[in-house]
Amino acid sequence: MKTSRTTLPLYEKDREAIKTIREYYGVKTDADAIRIALHELERLIQGATPITPQKERPFSP
Numbered sequence: 001m002k003t004s005r006t007t008l009p010l011y012e013k014d015r016e017a018i019k020t021i022r023e024y025y026g027v028k029t030d031a032d033a034i035r036i037a038l039h040e041l042e043r044l045i046q047g048a049t050p051i052t053p054q055k056e057r058p059f060s061p
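Quick note: the sequence shown, position 56, residue 56 per my numbering, numbers continuous.
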C-alpha cells in the first residue's frame, strides 16, 4: 500500500493524546498512534446510530 505524508498542526492536548495512545497500545511512532485512533474512531462511527454531524461548528479542542 502506497502512503503519502500529511502535515497538520497539533495542540499540546493532541500530543498528550498521542502519547497516551502510544503507551496504551505499545506502538513506537506517533504515526502508528494516529492511525490506530483513526481506525478505532471509524469503527465506532460505523457501528453507531447515524447522527448528522454539526458541520457549521468547527472542531475545537
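In short, the hints are calculated from the structure, not lab data. Careful: at least some of the hints might be erroneous.
[Stated by the list, open to error] The calculated lysine-lysine pairs, modelled on DSSO-like cross-linking and capped at a C-alpha distance of 30 angstroms, are: (1) LYS28 with LYS13; (2) LYS2 with LYS28; (3) LYS19 with LYS2.
Could you tell me which of the numbered hints above are not met by this structure, giving the numbers in increasing order?
-> The structure conflicts with no hint, since it agrees with every one listed earlier.
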